[in-house]
Amino acid sequence: MENTSDMSENFCKMLGYNDPQFIELMRLYLTIHSDHEGGNVSAHTCHLVGSALSDPYLSLSASMNGLAGPLHGLANQEVLRFIKDFKEDMGGKPATAEAVKEQCWKVLNSGRVIPGYGHAVLRKTDPRFTCQAEFAKKHIKDDELVKLVQTIYEVAPGVLTEHGKTKNPWPNVDAHSGVLLVHYGMKEENFYTVMFGVGRAIGVLPMLTISRALGFSLERPKSLTTASIKKTMEVMYPHGHT
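Sequential numbering of the sequence shown, starting at 20, is according to the numbering used here.
Hints are supplied without guarantee of correctness; some may be wrong.
[Unchecked claim] Straight-line distance between alpha carbons at most 27 Å, and here's what the computed DSS-like set of lysine-lysine pairs gives:
id: 1; residue 1: LYS32; residue 2: LYS112
id: 2; residue 1: LYS120; residue 2: LYS106
id: 3; residue 1: LYS103; residue 2: LYS206
id: 4; residue 1: LYS160; residue 2: LYS32
id: 5; residue 1: LYS184; residue 2: LYS103
id: 6; residue 1: LYS125; residue 2: LYS112
id: 7; residue 1: LYS250; residue 2: LYS156
id: 8; residue 1: LYS143; residue 2: LYS32
id: 9; residue 1: LYS103; residue 2: LYS160
id: 10; residue 1: LYS157; residue 2: LYS186
id: 11; residue 1: LYS120; residue 2: LYS166
id: 12; residue 1: LYS241; residue 2: LYS160
id: 13; residue 1: LYS206; residue 2: LYS156
id: 14; residue 1: LYS186; residue 2: LYS112
id: 15; residue 1: LYS120; residue 2: LYS157
id: 16; residue 1: LYS120; residue 2: LYS143
id: 17; residue 1: LYS125; residue 2: LYS157
id: 18; residue 1: LYS160; residue 2: LYS106
Read the hints as simulated data drawn from the structure, not as lab findings.
My request is simple: use the sequences and hints to build the entire structure.
Here's what the structure looks like:
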């Protein structure tokens, strides 16, 4: 560790990277993955375990165990594999808007999804996707996968809207991050979740400290009585349900 370097530069050097652009990408990557609110598994888990006055090491460890789950921490790897397969399935055709649109429909009509599109909360393009796209536009030229991601972004929302089965047809953070890492030579996909975790730690640990300082109480799940569940079902199915 060098006191004259920031966290991103030190982290990159530990990984064996000295490219100033990759270091700048890591500044962006670590920042946009530092979510601290409880809307996702890893951030919520850190809050939950920390509310029992567990120390930060135990709280973050629990958080990272949540991040290890494939539905949470493996999203950008899944998108990257999808993008590579998408390109291969196009059979060498130029990735024009029309060709990409055709391939998107091929994916959807086969019963598959377009990973990286849709978000549990957002109903517009994830700003974390946008800032990665802006980074790529500024620093990366003539990368086929990066260009393909941009073309999919221009085409997929319209296709998904027309398809009619996606509430939110816009990309999230995972739709772009994988191809940026590959561009700079970071091809060890199993390490992506580790990098995700480093960024997440930057967000959840300060929040844990703030929660402790403010004396937040032990977090408990909301309990439901059988009667309340019955009432909800009666509202959902006023004519009965079989």
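Evaluated hints:
In summary, the hint linking LYS32 to LYS112 is not supported, as the alpha carbons are separated by about 38 Å, beyond the 27 Å threshold. Distance hint between LYS120 and LYS106 is fulfilled; the C-alpha atoms sit about 12 Å from each other, no more than 27 Å. Among the hinted pairs, LYS103 with LYS206 is consistent with the structure: their alpha-carbon atoms are about 13 Å apart, no more than 27 Å. The hinted pair formed by LYS160 and LYS32 meets the criterion: a straight-line CA distance of about 24 Å does not exceed 27 Å.
Between the alpha carbons of LYS184 and LYS103 the distance comes to roughly 24 Å, so the proposed pair stays at or under 27 Å and holds. Between LYS125 and LYS112 the CA atoms are separated by roughly 15 Å; this keeps the pair inside 27 Å, and the hint holds. Under the criterion of a C-alpha separation no larger than 27 Å, the hint pairing LYS250 with LYS156 is inconsistent with the structure, at around 53 Å. A hinted pair counts as satisfied when its Cα atoms are at most 27 Å apart, and LYS143 with LYS32 does not qualify at roughly 36 Å.
Of the supplied pair hints, the one linking LYS103 and LYS160 holds, its CA atoms being roughly 18 Å apart against a limit of 27 Å. Our distance criterion of 27 Å between C-alpha atoms is broken by LYS157 and LYS186, whose separation comes to about 31 Å. Restraint check for LYS120 and LYS166: satisfied, since their Cα atoms lie roughly 14 Å apart, inside the 27 Å limit. Taking the CA atoms of LYS241 and LYS160, the gap is near 51 Å; set against the 27 Å cutoff, the hint is violated.
Of the pairs offered as hints, the one joining LYS206 and LYS156 holds, with about 21 Å between alpha carbons and a cut-off of 27 Å not exceeded. Restraint check: the Cα-Cα separation between LYS186 and LYS112 comes to about 30 Å, which exceeds 27 Å; the hinted pair is violated. Note on LYS120 and LYS157: the hinted pairing holds, with a Cα-Cα distance of about 26 Å set against a maximum of 27 Å. About 20 Å separates the Cα atoms of LYS120 and LYS143, which keeps this hinted pair within 27 Å; it holds.
As the CA atoms of LYS125 and LYS157 are separated by approximately 32 Å, the hinted pair breaks the 27 Å bound. As the CA atoms of LYS160 and LYS106 are separated by approximately 18 Å, the hinted pair is consistent with the 27 Å bound.
In summary, the structure is inconsistent with hints 1, 7, 8, 10, 12, 14, 17 from the numbered list given earlier, while agreeing with the others.
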